[in-house]
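Chains as they are written, first to last, in our numbering: chain Z, 13 to 271; chain C, 147 to 488.
Just to be clear, a hint being listed does not mean it is correct.
[What the hints assert, rightly or not] As a list, the in silico EDC-like pairs of lysine to aspartate or glutamate whose alpha-carbon atoms are at most 20 Å apart:
hint : chain 1 : residue 1 : chain 2 : residue 2
1    : C       : Lys357    : Z       : Glu82
2    : C       : Lys377    : C       : Asp450
3    : Z       : Lys91     : Z       : Asp79
4    : Z       : Lys76     : Z       : Glu244
5    : C       : Lys454    : Z       : Glu173
6    : Z       : Lys268    : Z       : Glu97
7    : Z       : Lys121    : Z       : Asp149
8    : Z       : Lys104    : Z       : Asp224
9    : C       : Lys485    : C       : Asp201
10   : Z       : Lys65     : Z       : Glu223
11   : C       : Lys295    : C       : Glu161
12   : Z       : Lys191    : C       : Asp387
13   : Z       : Lys93     : Z       : Glu82
14   : Z       : Lys188    : C       : Asp387
15   : C       : Lys377    : C       : Glu452
16   : Z       : Lys245    : Z       : Glu97
17   : Z       : Lys53     : Z       : Asp149
18   : C       : Lys236    : C       : Asp393
19   : Z       : Lys76     : Z       : Glu96
20   : C       : Lys392    : Z       : Asp182
21   : Z       : Lys199    : C       : Asp459
22   : Z       : Lys188    : C       : Asp388
23   : Z       : Lys199    : C       : Asp207
24   : C       : Lys485    : C       : Asp290
25   : C       : Lys236    : C       : Asp207
26   : Z       : Lys191    : C       : Asp388
27   : Z       : Lys188    : Z       : Glu173
Bear in mind the hints are in silico, worked out from the structure with no lab data behind them.
This structure is a prediction, so every number in the text was calculated from the model and none was measured.
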Amino acid sequence: MTRFYSRLWLCLPFALVITGCKSSPPPPTAAPAKPAVSYFKVDPATAGSVSGKITFSGRPPARKVIDMSEDPACVAAHKGKAMEESIIVGNKSGLENVFVYIKSGLEGKNFETPTATVVINQGGCQFHPHIIGVQVDQPVEITNSDPVTHNIHPMAEINREWNHSQGPGDPPMHRKFVKQEIMIPVKCNIHSWMHAYIGVLNHPYFTVSKEDGSFTIANLPPGTYTLATWQEKLGTQEQQVTVAPGGQAVINFTYKGRS
Amino acid sequence: MVLLFTAGCRAKVSESPIGPSVQLHAPLGLPPVPIPPDNPPTEATIALGKRLFYDIRLSKDNTLACATCHDPEHDFSDPHPISLGVGGAKGIRNAPTLINVAYQSSQFWDGRATSLEIQAASPIADPLEMNQTHKVSVSKLAKDPVYRKMFTDAFGSKDVTLGRVERSLASFERTILSGDSAFDRFQYGGQPTALTPAQARGLALFINPIKGNCAACHTITPQYALFTDGKFHNIGIGVNDDGTLKDAGRYHETTVKSDTGAFKTPTLRNIANTAPYMHDGSLQTLEQVVSFYAGQGNSNPYIDREIKTIHLDGQERSDLVEFLKSLTGKLPPNLEEEKSHP
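Full structure from sequences and hints, please.
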């Protein structure tokens with residue numbers, strides 16, 4: 013996730029340069045066939061960030077070992093215990109794998125589609141990463157590094173739902189999600205324990221909390237936003253946050269477990 | 147001029163085989179071999195068809211015979227995912243096995259030929275296959291004294307005609323029969339130990355509608371098993387990233403929308419020897435085939451309703467693969483190419 017995220021940011025300034033070169037003002041009305049979209053340009057002089065930590069309060073639930081015994085090839089492919097990923101509490105009660113995104117406050121701004129590819133790999137009979145964020149229309153590549161066939165099935169409701177078989181050594185699949193949707197549950201039609209979730213947004217301001225529960229959303233234009241979190245078992249939360257010009261807002265979330 | 151003249155005469159040439167017809171023996175597990183009334187197989191037409199089947203002169207550059215893509219070394223199938231024509235021309239499909247084609251009510255993956263006779267010569271003229279016009283094929287064959295004798299023995303005169311070529315090829319192909327496999331001995335031969343325990347479990351899964359559900363299309367009847375319903379189904383092979391289909395399949399023939407991406411159910415006889423699998427040769431192993439179905443294939447708008455959620459664990463998938471290996475029957479002798487005597 014971190015890898016993808018950093019790549020996403022790398023391509024943003026580049027995209028801005030291109031947009032910046034088109035100095036002529038965009039036509040006032042877009043042609044219906046191919047609308048000339050003017051993309052929002054973040055001013056680096058005033059861009060700020062919001063960061064914080066997501067904490068799990070109470071006793072962290074013990075992570076269960078995934079029983080892959082119904083497919084011996086998966087047991088062999090995983091090499092060691094496969095741990096269930098639905099609630100992962102790290103050091104100092106940090107909650108990992110929470111999807112964090114700007115839910116509102118960016119209305120009216122169009123963001124260019126990143127060209128960086130987000131990779132979802134099926135390895136050791138699990139999806140990697142487990143929580144995935146992409147922008148609308150961003151290229152998504154699905155790979156299978158296992159010696160077994162998988163059948164990835166994003167159970168989308170707003171986007172097109174599909175499933176597709178991928179055997180060992182098969183070439184990557186190239187897909188994209190064309191509409192905003194939070195979150196799309198993903199399963200493997202063959203291996204019932206395999207789960208992932210994809211958040212599709214029409215802007216680049218999203219991330220996934222790290223092992224220590226921390227997150228940062230950078231390069232934000234100043235403004236007031238609703239910041240939302242999504243956790244597959246523990247649900248969603250929202251908070252208002254104001255990012256001053258060049259400011260570094262801090263905001264924390266707590267998910268309560270059983271005490 | 148000469149060609150035109152002979153062509154004019156051709157209509158009067160009989161294309162009915164002469165001499166006594168031979169009985170094609172159906173091995174255990176197969177029904178009687180259907181024979182068209184106007185083309186009863188004879189020893190002479192079968193022998194002629196066999197020579198034609200292995201004859202590279204039927205291709206434009208004398209490099210390919212029918213047997214190139216329907217390779218007897220691979221139980222009359224093609225190990226290349228997509229079969230290659232003259233000059234490396236790439237078709238779009240994997241040449242299917244010829245095993246038990248005698249029983250099929252239509253030929254080709256899309257069923258565009260309604261008989262073996264109609265099918266037999268069309269790859270010869272297909273630009274992506276042997277790429278030689280029938281006129282050229284006929285004249286090349288007519289130059290060979292061995293053929294002149296064989297056509298005379300088979301049809302009563304030395305004339306080489308397209309119809310005679312087609313009928314002979316079809317009669318030879320009808321002899322490519324496979325039955326009497328371990329499965330047949332278990333199912334129809336009263337030998338309960340013919341299948342291993344894993345294969346017997348695989349058979350149970352194969353016919354169970356809520357497990358493998360394979361027999362929904364790969365038919366097994368109480369009397370015999372062809373392992374095909376002869377119908378066309380979209381099982382989700384060849385689906386593009388946007389959900390469209392690479393090859394419209396049966397739709398090309400019927401222009402019925404629901405036939406989009408549908409292909410004829412292939413036989414499973416000798417399936418262990420006929421990799422790769424599916425109309426585009428996209429699956430390399432039986433394990434992959436079984437897993438493909440276990441995962442409900444690839445979604446697309448025309449997928450067959452029999453492709454449904456099933457659950458097969460690793461053991462069950464392995465049992466199904468073992469069962470498929472029990473369908474390998476011994477092919478009759480005399481199908482291999484005759485080595486010419488000096």
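Hints, one by one, checked against the model:
no. : hint                 : in the structure
1   : C:Lys357 to Z:Glu82  : 15 Å, holds
2   : C:Lys377 to C:Asp450 : 11 Å, holds
3   : Z:Lys91 to Z:Asp79   : 13 Å, holds
4   : Z:Lys76 to Z:Glu244  : 16 Å, holds
5   : C:Lys454 to Z:Glu173 : 15 Å, holds
6   : Z:Lys268 to Z:Glu97  : 18 Å, holds
7   : Z:Lys121 to Z:Asp149 : 16 Å, holds
8   : Z:Lys104 to Z:Asp224 : 7 Å, holds
9   : C:Lys485 to C:Asp201 : 12 Å, holds
10  : Z:Lys65 to Z:Glu223  : 10 Å, holds
11  : C:Lys295 to C:Glu161 : 15 Å, holds
12  : Z:Lys191 to C:Asp387 : 16 Å, holds
13  : Z:Lys93 to Z:Glu82   : 15 Å, holds
14  : Z:Lys188 to C:Asp387 : 9 Å, holds
15  : C:Lys377 to C:Glu452 : 13 Å, holds
16  : Z:Lys245 to Z:Glu97  : 10 Å, holds
17  : Z:Lys53 to Z:Asp149  : 19 Å, holds
18  : C:Lys236 to C:Asp393 : 14 Å, holds
19  : Z:Lys76 to Z:Glu96   : 5 Å, holds
20  : C:Lys392 to Z:Asp182 : 17 Å, holds
21  : Z:Lys199 to C:Asp459 : 16 Å, holds
22  : Z:Lys188 to C:Asp388 : 9 Å, holds
23  : Z:Lys199 to C:Asp207 : 51 Å, violated
24  : C:Lys485 to C:Asp290 : 16 Å, holds
25  : C:Lys236 to C:Asp207 : 16 Å, holds
26  : Z:Lys191 to C:Asp388 : 14 Å, holds
27  : Z:Lys188 to Z:Glu173 : 12 Å, holds
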